[in-house]
Amino acid sequence: MVSDELLVATHISKSFGEKLVLDRVSLTVRQGETVTIIGASGSGKTTFLRCLNRLETPDAGSIRLGEEVIGGPPATEANLARQRRLFGFVFQRFNLFPHLTALQNVALGPRRVLGLPRAAAEARAARDLDRVQLSEHAHKRPSQLSGGQQQRVAIARALSMEPRIILFDEPTSALDPELVQEVLDTMRALAADGMTMVVVTHEMRFARHVADRVVFMADGRIAEEGTPAALFDTPRDPRLQRFLRHLEPAV
Amino acid sequence: MEFDWSVVRYAAPLLAAGIVMTLKVSVVACVLGLVLGLAAGLASLSSSRVLRFLVRAYVDFIRGTPLLIQIFLVFFALPVVGVRLPEFWAGVAALAINSGAYIAEITRGAVGGVERGQTEAALSIGMTQRGVLWWVLLPQAWRPMIPALTNDLITLTKNSSLLSAISVYELTRAGQAVISTHFAPFEIYLLLALYYYLLITALSFASRRIERALPTW
Ligand SMILES: Nc1ncnc2c1ncn2[C@@H]1O[C@H](COP(=O)(O)OP(=O)(O)OP(=O)(O)O)[C@@H](O)[C@H]1O
Ligand SMILES: [Mg+2]
Chain A
1 MVSDELLVAT HISKSFGEKL VLDRVSLTVR QGETVTIIGA SGSGKTTFLR
51 CLNRLETPDA GSIRLGEEVI GGPPATEANL ARQRRLFGFV FQRFNLFPHL
101 TALQNVALGP RRVLGLPRAA AEARAARDLD RVQLSEHAHK RPSQLSGGQQ
151 QRVAIARALS MEPRIILFDE PTSALDPELV QEVLDTMRAL AADGMTMVVV
201 THEMRFARHV ADRVVFMADG RIAEEGTPAA LFDTPRDPRL QRFLRHLEPA
251 V
Chain B
1 MEFDWSVVRY AAPLLAAGIV MTLKVSVVAC VLGLVLGLAA GLASLSSSRV
51 LRFLVRAYVD FIRGTPLLIQ IFLVFFALPV VGVRLPEFWA GVAALAINSG
101 AYIAEITRGA VGGVERGQTE AALSIGMTQR GVLWWVLLPQ AWRPMIPALT
151 NDLITLTKNS SLLSAISVYE LTRAGQAVIS THFAPFEIYL LLALYYYLLI
201 TALSFASRRI ERALPTW
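Just so you know, the sequences run in chain order A and B. Here full-length UniProt numbering is used: the first sequence runs in plain steps of one and ends on residue 251. Here full-length UniProt numbering is used: the second sequence runs in plain steps of one and ends on residue 217.
In short, the hints are calculated from the structure, not lab data. Treat the hints loosely; a few may be bogus.
With the C-beta cut set under 10 Å, the calculated list includes, among others, these residues of chain A facing chain B [unchecked claim]:
| no. | residue |
| --- | --- |
| 1 | R50 |
| 2 | L55 |
| 3 | A81 |
| 4 | R84 |
| 5 | F87 |
| 6 | F89 |
| 7 | N95 |
| 8 | P110 |
| 9 | R141 |
| 10 | P142 |
| 11 | L145 |
| 12 | R157 |
| 13 | S160 |
| 14 | M161 |
Label pairs and their in silico Cβ distance ranges [unchecked claim]:
| no. | chain 1 | residue 1 | chain 2 | residue 2 | range |
| --- | --- | --- | --- | --- | --- |
| 15 | B | R49 | A | L247 | 45 to 51 Å |
| 16 | B | L198 | A | A126 | 52 to 58 Å |
| 17 | B | N151 | A | G72 | 48 to 54 Å |
| 18 | B | R143 | A | A75 | 50 to 56 Å |
| 19 | B | P79 | A | K140 | 44 to 50 Å |
| 20 | A | F16 | B | W89 | 49 to 55 Å |
None of these values were measured; they are calculated from a predicted model. C-beta: ideal position from N, C-alpha, C; glycine also.
Required output: the full structure, derived from the provided sequences and hints.
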């Protein structure tokens, strides 16, 4: 069904200097779908996500989100900024604003980008902190929070802009092992709520059990994509077979 | 040569009055230099190439020429283009223009020193470059700027000594006046050195206290 396609990226290419990092990557994500992207280090996963919300400018290809052509006219900074906030982005290293409390981190966008009055922005921030179960830490600075809590604040910050889709770039890779689960649980809850998400991750259990679809990237291309069962149980691409063999037996 | 204590006793209170002028010049020049330097620093971070070029040229000129020449330029050259400033304001302007260039560099460095991920996070919630600078970078940049800024204020206070060359009656000029009537350069310059030293030490002490009182995160 075509009508429920939310994100359509077509033939995205990107080079850094001489190095071709993305080679005509195409991906379609349906409304409410959770897609995970897996692949070896350096295969272009991060670059692809960053091209989607234009933190990186692709050399070629087109991106459509709903009715919007991302990066399309007018090619003004204001239009690009407006389009960017249709995507939430969760970074590997959280990138919270260290001088602001958790609540202020989440309220900053609603207040300064959407122009909500302070009380309304903070009410929205409180709502989104509650959604990631951090209400009781609202007035702490990032430095007073654990890594897992910081990443959940970052997720709340993304939610506060009410994005149509959230992009996660290895959201648990910077965390101590015992803090990974709380973040994955938060993401699982978002997925269950119908949020559309693209998640780059090395957490194969999440990829297998939460994702609707898994995409395997290798050498700047999508080498294989399908349901978790298809990719994990009957991988066809030799690079994917090798990639899966090198993961822990836990998968 | 005998050390002449009597001239020291005579000059000490007289020169104390010069300190007041030195402080006045320094404080006014510091405030103006801060305003100018912050504005120039922000301009150097703007997306306008013209602005960036102008700030670059300004900073290069100030760094590439002696302060004494800059003071003479403001004092003697400006009247040629129709701007006539009294000694005090010419001196203050020269010091402010001079320190403004360094403060512009401090500002640019501090803002540029904020981690790249901060800008990306702010862009990802839909901020424009201007919003990123105003709401995310500057609030984080001013804290690490304070030590460099207080250092700059101390340099400015010492540099105010050069204003004696255009007859601003600050500490050094006051000392020279005593020397010209009492012919005791050694005693008087030693006294001047002591006064500057005490002044700078007091400033350093105050700045360290301020730094320690600043919030961290
Ligand atoms: N800004 C950049 N400048 C130059 N090269 C870059 C830049 N960003 C990424 N690259 C290169 O592009 C390639 C793909 O990088 P990317 O970060 O997208 O990979 P990745 O799949 O996310 O890897 P990882 O699993 O290690 O995060 C790498 O070879 C990387 O060195
Ligand atoms: Mg990556």
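Each hint, compared with the structure:
| no. | hint | result |
| --- | --- | --- |
| 1 | R50 | holds (8 Å) |
| 2 | L55 | holds (6 Å) |
| 3 | A81 | holds (5 Å) |
| 4 | R84 | holds (5 Å) |
| 5 | F87 | holds (7 Å) |
| 6 | F89 | holds (4 Å) |
| 7 | N95 | holds (4 Å) |
| 8 | P110 | holds (9 Å) |
| 9 | R141 | holds (5 Å) |
| 10 | P142 | holds (8 Å) |
| 11 | L145 | violated (12 Å) |
| 12 | R157 | holds (7 Å) |
| 13 | S160 | holds (8 Å) |
| 14 | M161 | holds (5 Å) |
| 15 | R49(B) - L247(A): 45 to 51 Å | holds (49 Å) |
| 16 | L198(B) - A126(A): 52 to 58 Å | holds (54 Å) |
| 17 | N151(B) - G72(A): 48 to 54 Å | holds (49 Å) |
| 18 | R143(B) - A75(A): 50 to 56 Å | violated (36 Å) |
| 19 | P79(B) - K140(A): 44 to 50 Å | violated (59 Å) |
| 20 | F16(A) - W89(B): 49 to 55 Å | holds (53 Å) |
The structure fails hints 11, 18, 19 (numbered hints given earlier, in ascending order).
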